[in-house]
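As given, the protein sequences belong to chains A, B, C and D, one line each in that order. Residue numbering for the first sequence follows this note's numbering, starting at 1 and increasing by one per position. Residue numbering for the second sequence follows this note's numbering, starting at 1001 and increasing by one per position. Residue numbering for the third sequence follows this note's numbering, starting at 2001 and increasing by one per position. Residue numbering for the fourth sequence follows this note's numbering, starting at 3001 and increasing by one per position.
Under the rule of at most 30 Å between Cα atoms (straight-line distance), these lysine-lysine pairs were calculated in the DSSO-like manner:
id: 1; chain 1: B; residue 1: 1075; chain 2: D; residue 2: 3141
id: 2; chain 1: D; residue 1: 3307; chain 2: B; residue 2: 1068
id: 3; chain 1: B; residue 1: 1172; chain 2: B; residue 2: 1210
Treat the hints as calculated values from the structure; they're not laboratory data.
There are 4 protein chains.
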Amino acid sequence: MNEYSVYTDLALEAREIYAQENGQDHPGIIVKEDKYEHSQVTRVQLTTEEAARNLNKKIGNYITIESKEIRHNSKLIEKEISQIIAQEIKNLIKVNENATILIVGLGNWNSTPDSLGPKVIKHIFVTRHLQDYVPLEFKHKLRPTCAIAPGVLGITGMETGEIIKGIVERIKPELVLAIDALAARNLERLGTTIQIADTGIHPGSGLGSKRIGLTKETLGIPVIALGVPTVVHAGTIAYDTVEELLDNLTEVNTNQAFNDLQISSIIEKILAPYQDNLMVTPKEIDRLIDDMSIIIANGINSALHPKLDLEEVMKYFY
Amino acid sequence: MNEYSVYTDLALEAREIYAQENGQDHPGIIVKEDKYEHSQVTRVQLTTEEAARNLNKKIGNYITIESKEIRHNSKLIEKEISQIIAQEIKNLIKVNENATILIVGLGNWNSTPDSLGPKVIKHIFVTRHLQDYVPLEFKHKLRPTCAIAPGVLGITGMETGEIIKGIVERIKPELVLAIDALAARNLERLGTTIQIADTGIHPGSGLGSKRIGLTKETLGIPVIALGVPTVVHAGTIAYDTVEELLDNLTEVNTNQAFNDLQISSIIEKILAPYQDNLMVTPKEIDRLIDDMSIIIANGINSALHPKLDLEEVMKYFY
Amino acid sequence: MNEYSVYTDLALEAREIYAQENGQDHPGIIVKEDKYEHSQVTRVQLTTEEAARNLNKKIGNYITIESKEIRHNSKLIEKEISQIIAQEIKNLIKVNENATILIVGLGNWNSTPDSLGPKVIKHIFVTRHLQDYVPLEFKHKLRPTCAIAPGVLGITGMETGEIIKGIVERIKPELVLAIDALAARNLERLGTTIQIADTGIHPGSGLGSKRIGLTKETLGIPVIALGVPTVVHAGTIAYDTVEELLDNLTEVNTNQAFNDLQISSIIEKILAPYQDNLMVTPKEIDRLIDDMSIIIANGINSALHPKLDLEEVMKYFY
Amino acid sequence: MNEYSVYTDLALEAREIYAQENGQDHPGIIVKEDKYEHSQVTRVQLTTEEAARNLNKKIGNYITIESKEIRHNSKLIEKEISQIIAQEIKNLIKVNENATILIVGLGNWNSTPDSLGPKVIKHIFVTRHLQDYVPLEFKHKLRPTCAIAPGVLGITGMETGEIIKGIVERIKPELVLAIDALAARNLERLGTTIQIADTGIHPGSGLGSKRIGLTKETLGIPVIALGVPTVVHAGTIAYDTVEELLDNLTEVNTNQAFNDLQISSIIEKILAPYQDNLMVTPKEIDRLIDDMSIIIANGINSALHPKLDLEEVMKYFY
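This is chain A alone, in the form it adopts within the complex (with noise of 0.2 Å):
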């Protein structure tokens, strides 16, 4: 296994890659499968810490949404992949129906690949401002949520994970949702799947270079993640060139006159001046992305207000 071959942020591609080099499942993850009409779920958990150390994830539950079909940009397919989005989330959320959700947008506005969050950010329907002014009766079915897209280190200064902890500590929400986008190992991926995770966001991961996470060991509060693939690191590319050329070198053993250490100088070499700074995304990005973020936002505003008839709180509040 080489740098390369493993630069995913996704645990259902981590875990392929395990059982690939392996001929077998890690035996401390646990999967389970499910079947809808133009998607497919699965839900890895990583229950040891060496499965986690193996597949360089955190022990916890690792859901992806699956649904090539969500390219043809179907009303129909949208509105199923918001409603697993939805379910999925409720089943994460174990704070009380009325406690405060704090819903973070990681990354770069600028950057088309890497605006997931802060354009779902943009359609979320928050309320928290709206506690004073709401009936009586209608106090107990509108929960308390909030929203930011607070930018990247390069804009700010700041590290998100400072700027989050520092809301967190004075709004003191219950939970955090945070969105990102994400790098795959498979192109196939972009923009067809969604990972939830109860396992925050680590330090590194995701398109921004995090140095801190946003995690219930930093924050304090449990941090739920959302995440899409939009972009396949470069040399992941070349690694796959590399690896389908060796398997087509049969006549030689010259699979042998390589090892990772040859491979990796060579991959450094052609992404020279950039390095791990390159990212590999289709042109139609942008349309993915706002696609996606609207039936992201879609599945989190179902998620966090299940008991809300909309068309009759809204006369409330205009």
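Take the given structure of chain A and dock chains B, C and D to it, following the hints.
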């Protein structure tokens, strides 16, 4: 004096209104003026609680930079204004030259007249995250700066004051510099006047409806506020019309036929159904704000990094 | 009647003003009204040149959809309005169902109140470029649509009318549907009224200062205009204040003491230095326009592609 | 030579590839180089049809400005580049100094790497609409310029070439200056290289998938094209990896074991399901494009209005 006649965020206008109504300056204020080639600077110091109360402002220093020529869009004039801003900010900053400063862009980026703060933040040079990478010889030259445009209550569900207090307690800057769009009394001031004050941002000031201020009392550190009027309240237009009309009714002493209550009631009828929420703004407001945000950012960058030879230091960052 | 009293882009308001001043509807207009659950539709037809001249509009049909409840932000109400828009547009379109239609979003995306047109364009379903790829069985279902938001004179240096004429002559659509932000006479109409007219866009109408219209005369093809009031001219506020005040001056016949010229001169003094270029707009204008642009785009998409089963067709495009 | 090895919009790279493969420059090209303090300029002139065909470019002049230091973000370097751009554009413009010039920003503002053209347009000084208001003494100094960023096929449903041809026929400029984001062969060129050519924009060049070009043949007037590479095609990374790997397979003559067809098939397999639609771009692309768009706009403004003393003229416009 009527509520519509004092609707201004500018201490300079509050002073003028007081002087007009009382035939003289308030005894508790000290005023100094400086003339520059294309602009003039008025320093109003409110020295007593009574003065502050009568002018509906806080005790402290209010520096007003005025330049009608600024609308000419001349680089020469813009440079002069940036330099004055830099100098006045430097005069107000009492913290150490290596102290971290947080720049806050208040306002709503979706609403042109309220977008000044977020637009200034885009041009602010942030350096706090670069501190670890700076070569030793620049360490003493590079003041740590960080910046955020948190959005408004309707977008986040959180009071801006709460968000900033949380961030301040975590990041521990020694000073906050807050930029905001203001309401003026006088149409001529839109986009031509800049107010810098050492009193912070107070509840209800600016275009957003702030319920918590950004002040030394709330944040525990000094707050410098920099604002530019971008709107006049619609009530002001109505009130001025009433005044002008009554001034023209010379034959009969009709003026006395109207008391303030009657005038307020007429204006309220005119402005229904929006009342206080109606802004008057020039069509060219987008251009005024774009220009002004660059002028202000240049002034702030120059004030906060006076020792920095940007050319020289940049070599190390890229 | 004074120039400030007729500053409206709405035929409905022009009719009201005329009726108020003359005690009856103009004989050259025909009015029909329909009530819906959350809205009402008024069809004003100007049938004579004299009516058109007296109302300062063109001969033709003006459909006005009004719904104060639209500000409640309810999906039900929004759906009703979208459906009415779709129906009314369909009634006005006299071209073949396979004829190409060009949708034009007028206005300045940098200025919130003037950004309605460009925002609608973002949500328009364009299909003209897909014609070559459509399977034969859909060919007759998919009307070719194309769309552009050309920007305003100050951004392009070109009259919008010139740009669109050039595009029309090259692309050869058979109908133009133009969306624009309007000025109303009455504050209550901001964001609550939609006007659809078969008379096109005329010089000087809307928020931009158009010198060339978009009409059948200039473009050679029918032009349907759809607009929503987003501002009231500041002069209107001033004029209304004068009227209201004079109405309250009962003791003496002061009303006659002021002629229109004097009133105009008072208002001009109030509005200096901006005059006509001052807009009155509610603080929440960004939200009103965002909501309205989706409602309108849904209506247009539904009107132009009535046969289209989007779910079905989408399979072929992605 | 393989299709993935020539995927470049830069004549300079096409020349290098040809020279590498053939051991010498193509006889039909003339090359001149100039050194500046922070940059170098290479003028490649394709003089024969054969040279044009072999390099997959058109007969004409290609000026390439290179500066790796441009990423240092230094004002000095930026000024040097702007001045070189201005000088090179002036050299290519053969029309009268009072002739109207249309600047066209190609590309998709929703996709960061493709947003260069629209971003440059934001900073272009347009004057065509001011001609009627210019005092006589400036009339000869102020060249009429106009500008548009029309959007891409997927947004408008119209070929950009069609839109621009329509506008050109109506507005009748005497020259078009088109700005576009380009694809390079070499990662080092991203954001560090500017190409100016007198050959116009050809179908299939740039990031958008143009089917109609912007050339003297299609528009009837000269077209100067200015572009900056912002992406490398993912196939290029894969191809380079293959080449590098095969170069390292020294023991056996495996190189001959692979022909171009096999390599293409391997790469296609890697890039499925996106193929040509995958872009490689650095994470910092948003900053690179923001900086570059100002540098370019300054160069263009200076080239098109060389006589203009902006300070002086501005007095008359505001």
